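**Student:** The lines below spell out each chain.
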Amino acid sequence: MEASPYLPSENFARWRKVKSTAVTAVLVVCALAVIAPLFLVIYFLLVNGASSIDMNFFTQLPKPTGESGGGMANAIVGTITLLAMASIIGVPLGVFGGIYLAEYGSDRANDWLRFAADVLNGVPSIVWGMVAWLMLVVPLKGFSAYAGSVALGLMMVPLVMRTTEEVLVLVPQSYREAALALGVARWKVIMIIVVRTALKGIATGVIVALARIAGETAPLLFTALGNNFWNHNLKEPIAALPLQIYAYAISPYDDWHRQAWAGALVLMALILALNILVRVLSRDRNQQN
Amino acid sequence: MSSLPEAPAARQASEPARVSLTPQPAAAAGLPVESEEVAFDIRNFSLWYGARQALMDVTIKIPARKVTAIIGPSGCGKSTFLRALNRMHELTPGTRLEGSLRHFGQDLYGPGVEAVAIRRRVGMVFQKSNPFPTMSIAENVLVGLRLNGVRDKAVLQERLEKSLHMAALWDEVKDHLNRPGTSLSGGQQQRLCIARSLAVQPQTLLMDEPCSALDPLATAKIEELIQTLRQDYTVVIVTHNMQQAARCSDRTAFFYMGRLIEYGNTRNMFTNPSNPQTEAYVSGRFG
Numbered sequence: 002m003e004a005s006p007y008l009p010s011e012n013f014a015r016w017r018k019v020k021s022t023a024v025t026a027v028l029v030v031c032a033l034a035v036i037a038p039l040f041l042v043i044y045f046l047l048v049n050g051a052s053s054i055d056m057n058f059f060t061q062l063p064k065p066t067g068e069s070g071g072g073m074a075n076a077i078v079g080t081i082t083l084l085a086m087a088s089i090i091g092v093p094l095g096v097f098g099g100i101y102l103a104e105y106g107s108d109r110a111n112d113w114l115r116f117a118a119d120v121l122n123g124v125p126s127i128v129w130g131m132v133a134w135l136m137l138v139v140p141l142k143g144f145s146a147y148a149g150s151v152a153l154g155l156m157m158v159p160l161v162m163r164t165t166e167e168v169l170v171l172v173p174q175s176y177r178e179a180a181l182a183l184g185v186a187r188w189k190v191i192m193i194i195v196v197r198t199a200l201k202g203i204a205t206g207v208i209v210a211l212a213r214i215a216g217e218t219a220p221l222l223f224t225a226l227g228n229n230f231w232n233h234n235l236k237e238p239i240a241a242l243p244l245q246i247y248a249y250a251i252s253p254y255d256d257w258h259r260q261a262w263a264g265a266l267v268l269m270a271l272i273l274a275l276n277i278l279v280r281v282l283s284r285d286r287n288q289q290n
Numbered sequence: 029m030s031s032l033p034e035a036p037a038a039r040q041a042s043e044p045a046r047v048s049l050t051p052q053p054a055a056a057a058g059l060p061v062e063s064e065e066v067a068f069d070i071r072n073f074s075l076w077y078g079a080r081q082a083l084m085d086v087t088i089k090i091p092a093r094k095v096t097a098i099i100g101p102s103g104c105g106k107s108t109f110l111r112a113l114n115r116m117h118e119l120t121p122g123t124r125l126e127g128s129l130r131h132f133g134q135d136l137y138g139p140g141v142e143a144v145a146i147r148r149r150v151g152m153v154f155q156k157s158n159p160f161p162t163m164s165i166a167e168n169v170l171v172g173l174r175l176n177g178v179r180d181k182a183v184l185q186e187r188l189e190k191s192l193h194m195a196a197l198w199d200e201v202k203d204h205l206n207r208p209g210t211s212l213s214g215g216q217q218q219r220l221c222i223a224r225s226l227a228v229q230p231q232t233l234l235m236d237e238p239c240s241a242l243d244p245l246a247t248a249k250i251e252e253l254i255q256t257l258r259q260d261y262t263v264v265i266v267t268h269n270m271q272q273a274a275r276c277s278d279r280t281a282f283f284y285m286g287r288l289i290e291y292g293n294t295r296n297m298f299t300n301p302s303n304p305q306t307e308a309y310v311s312g313r314f315g
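Taken in order, these protein sequences are the chains called A and B. So for the first sequence, our numbering puts the first residue at 2; every next one is plus one. So for the second sequence, our numbering puts the first residue at 29; every next one is plus one.
Next comes chain A alone, as it looks inside the complex (with noise of 0.2 angstroms):
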């Protein structure tokens, strides 16, 4: 039979599946290496952390030095606070910046937003907090939750504001027609309509937002400070999971050693159902679409 010339020969064959073999084995092992850190993180929280945490964890404050047991119920309280404080800042500078840069300002303006809200999103954090403790701490006379709350809300600000715009940007054209050809002023039309209709995106840009916040540290050095006992009163240093375990894993003790693996496994817990939502809302949305 007269070879083909669209067969290769046979050594060509073989070279040519070696070469497939071995680019495709170097690309499984680069996706493994991505994924890897992720299940590095989760197995030594577990593995230090997980016979730490007990019903004590949650519901006690933290022991005198020298007493062994104690829990991080004040921390877990405060990291929820400032959240929950940051957000007020946050969320409506972020997404009223966002609407701004989605429906209002000129090609010139946005250019320059986009521009700042990119920088701002490089900011080191430790930054934030030297911006928040020269605004607040310092005339204030001493650290609070207020100081801590508005250095993790600017740090959401540009966050929340980009992907804001992005939503907004997706929602197509014709709705805004529809709602203008009603006689609805141009304000209720992107207000309400525009807005309702990106909804679950705005909130899922809020909730990375959040995640990303959560495990930040260095904007709380000084300005929360950190607390042992519980904070009523917000104009107090007040106590959060990611200063907590900051202040035990540099201490000499075991036992706080633990406690700090154990606050880890926690925040890393709730960073995690943070990200968990905002795939459950991003599904979705794109069913709805």
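Since the hints were made in silico from the structure, they are not lab data.
Mimicking DSS-like on lysine-lysine, the simulated pairs with C-alpha atoms at most 25 angstroms apart in a straight line are: (1) B:LYS202 to B:LYS249; (2) A:LYS189 to B:LYS156; (3) A:LYS189 to B:LYS181; (4) A:LYS189 to A:LYS201; (5) B:LYS190 to B:LYS94; (6) B:LYS94 to B:LYS156.
Examples of chain B residues lying across from chain A (beta carbon under 10 angstroms, computed): (7) VAL144; (8) ARG147; (9) PHE160.
Reference listing, derived: stretches of chain B covered by chain A, where coverage requires no fewer than 3 residues with Cβ under 8 angstroms from a Cβ of chain A: (10) 107 to 120; (11) 216 to 225.
Since this is a predicted model, take the numbers as computed values, not measurements. Glycine included, every Cβ here is placed at the ideal spot set by N, Cα and C.
Got chain A sorted already, so can you dock chain B onto it with the hints?
**Tutor:** Chain B in isolation, oriented as in the chain A frame:
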């Protein structure tokens, strides 16, 4: 292919060069008689997108409570014309216009006149049905009223039923008014959009190719609906479908390259057009 006598595309390309494009005031043969109420009185209307002129010196009187069809090939300015009637074209930046446009005697572009107020009287239905995806059928119909401050439950309920009845949709949706508007079929969605426009009680309804995305059965329903609407409303409909214009309109205006070429009673336009370009277009020889 080469054996065909003349390719339509080639014909279309050569058309503008062969035929005079001077405006046709002689189209006055089809203008409404004096006794008829005029919905839109438009004089010497020109419109520019940036440096490009989209409409040139259009003068036309559109009668009240009748259906006026706007026909013409793509890019002839018919959609631009329609959108200028309730100032929707202002969403496109860089537009500029000249001339006088009056709706039931009121200047649409006078100093201080607000587009929002005009659009409550001059509603619009779009080519692609666009019910709001986050809202139920009932919420879609009532959104214009609610956002304009109507809170009275009895009023809302009455308008909801009336609008859906007028849009010939009530019987199909009355048992599931709380389902999402987007759960309806394409033709039902378009009728829902018509009901939404009617709920704010406009005097005039502009329709921009409302059936071009629908199948023939859904189209027939909308056309039937247009026939009932003309008893209470002025309807101006842009269409690519000449049979549709012939079937459901009283007057037809033919636009070509930004100019109003001919305007008259629909039957005359389709059986005995006075302009050779109109004749070429309505008989399907170009466009």
